[in-house]
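Engineer: Heads up: the sequence lines are chains A and B, in that order.
Read in this note's numbering, the first sequence has 14 at position 14, and its numbers run on one by one without any break.
Read in this note's numbering, the second sequence has 50 at position 50, and its numbers run on one by one without any break.
Read the hints as simulated data drawn from the structure, not as lab findings.
Hints are not guaranteed to be accurate.
[As the list claims (entries may be wrong)] The list that follows gives simulated cross-link-like pairs (lysine to any residue, SDA-like), each with its CA atoms no further than 25 Å apart:
#1 A/K73 - B/A36
#2 A/K73 - A/P46
#3 A/K73 - B/R43
#4 A/K73 - A/L60
#5 A/K73 - B/D30
#6 A/K73 - B/F50
#7 A/K73 - B/V41
#8 A/K73 - B/R51
#9 A/K73 - B/I42
#10 A/K73 - B/S52
#11 A/K73 - B/L39
#12 A/K73 - A/A62
#13 A/K73 - B/P29
#14 A/K73 - B/P53
#15 A/K73 - B/A49
#16 A/K73 - B/P37
#17 A/K73 - B/I22
#18 A/K73 - B/T24
#19 A/K73 - B/I16
#20 A/K73 - B/G26
#21 A/K73 - B/R23
#22 A/K73 - B/I31
#23 A/K73 - B/S33
#24 A/K73 - B/M1
#25 A/K73 - B/G40
#26 A/K73 - B/T35
#27 A/K73 - B/A28
[Stated by the list, open to error] Covered by chain A, according to a simulated footprint, are these stretches of chain B (three or more residues, beta-carbon under 8 Å):
#28 1-14
#29 24-38
#30 42-53
Even glycine gets a Cβ: it sits at the ideal position worked out from N, Cα and C.
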Amino acid sequence: MEDDFDEPGLGVSDVIAPPARRNTDHKSLARITDPTHPLPAGYRLPFFAPFCYSPYATSLLAQRSRRLRDQVKRADPTTLAHCTARVATMIHSQVAPEFLPPDVALVPVPRCIPCDPRNPISSPEASPVRSTTPVSAGPFGQHYAVGAPSRNRRGRAPARGLNFSTTTPRSSSSITNYQRPDSFWSTTS
Amino acid sequence: MAAAAVLYQAIPRAHIRAFALIRTEGLAPDIDSITAPTLGVIRYLGGDAFRSP
Chain A
1 MEDDFDEPGL GVSDVIAPPA RRNTDHKSLA RITDPTHPLP AGYRLPFFAP FCYSPYATSL
61 LAQRSRRLRD QVKRADPTTL AHCTARVATM IHSQVAPEFL PPDVALVPVP RCIPCDPRNP
121 ISSPEASPVR STTPVSAGPF GQHYAVGAPS RNRRGRAPAR GLNFSTTTPR SSSSITNYQR
181 PDSFWSTTS
Chain B
1 MAAAAVLYQA IPRAHIRAFA LIRTEGLAPD IDSITAPTLG VIRYLGGDAF RSP
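My request is simple: use the sequences and hints to build the entire structure.
Structural biologist: Dropping the structure here:
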């Protein structure tokens, strides 16, 4: 019987190479441990958030806000539709005119999930942002907003925008206290 | 913040901002309204991200 490993270049070496020398200088360690690298020192990331919730308060409004939080996190389509309409109203009424210009591109951010700390971007959820390149983002101008992804029940990203991962977030199945969302909008301003 | 860093690395000239549909008001004793549009900044200090407000 012929041995396939007799082919030139396919032989199995019986000499074990020494381990590659690790680069452990301070700059390399900083790049590994600092998730903000290469942002400039003192960098400030502007943000806009139209809704809020209280995680601990016991008032009726706080309880409703937590229900809204749960429904947003589980990507409830009715709730997201209401929220989208509210945000659209805010944009038209110039609530944050400089924040959401017409040429902005929304880049969904992966949810916080456990991953290998030695390779923080190894998670499949991180691939959408990791794979973003100037070439693929070119048609959207130079304005980018990073934010939580609006996924449907199957974990799919919106059809518009860049081509992102469609992996279902792990934490979405852990929210079980689903309630109808209609009660939010009758009491909020 | 980490996502902004990755995006900044890929597109250094981009104007990056963060959008969150709903934010946590964990330090306030209660909230006055669920609909409360807010502009602010997020900074990375001492190994953690801080949002203001």
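Engineer: Compare the structure with each hint and give your call.
Structural biologist: The hints, checked one at a time:
1. A/K73 - B/A36: holds (18 Å)
2. A/K73 - A/P46: holds (22 Å)
3. A/K73 - B/R43: holds (24 Å)
4. A/K73 - A/L60: Holds. A/K73 to A/L60 sits at ~20 Å (cutoff 25 Å).
5. A/K73 - B/D30: holds (21 Å)
6. A/K73 - B/F50: holds (21 Å)
7. A/K73 - B/V41: Holds - the C-alpha atoms of B/V41 and A/K73 are around 22 Å apart, at most 25 Å.
8. A/K73 - B/R51: holds (20 Å)
9. A/K73 - B/I42: holds (21 Å)
10. A/K73 - B/S52: holds (22 Å)
11. A/K73 - B/L39: It holds: about 21 Å lies between the C-alpha atoms, which stays within 25 Å.
12. A/K73 - A/A62: Answer holds: A/K73 to A/A62 is near 16 Å, not above 25 Å.
13. A/K73 - B/P29: holds (23 Å)
14. A/K73 - B/P53: With a Cα-Cα distance of about 22 Å, the restraint between A/K73 and B/P53 holds, given a limit of 25 Å.
15. A/K73 - B/A49: Measuring from Cα to Cα gives roughly 21 Å; hence the hint holds.
16. A/K73 - B/P37: holds (19 Å)
17. A/K73 - B/I22: holds (9 Å)
18. A/K73 - B/T24: With a Cα-Cα distance of about 13 Å, the restraint between A/K73 and B/T24 holds, given a limit of 25 Å.
19. A/K73 - B/I16: holds (23 Å)
20. A/K73 - B/G26: holds (17 Å)
21. A/K73 - B/R23: Holds, at roughly 12 Å.
22. A/K73 - B/I31: Since the Cα atoms of A/K73 and B/I31 sit roughly 19 Å apart, the hinted pair holds (cutoff 25 Å).
23. A/K73 - B/S33: holds (19 Å)
24. A/K73 - B/M1: holds (19 Å)
25. A/K73 - B/G40: Distance of about 22 Å is within 25 Å: holds.
26. A/K73 - B/T35: Distance ~17 Å between A/K73 and B/T35 Cα, so the pair holds.
27. A/K73 - B/A28: Measuring from Cα to Cα gives roughly 22 Å; hence the hint holds.
28. 1-14: holds (count 13)
29. 24-38: holds (count 14)
30. 42-53: Per the Cβ count (4), the hint holds.
Against the hints set out earlier in the document, no violation occurs for any number.
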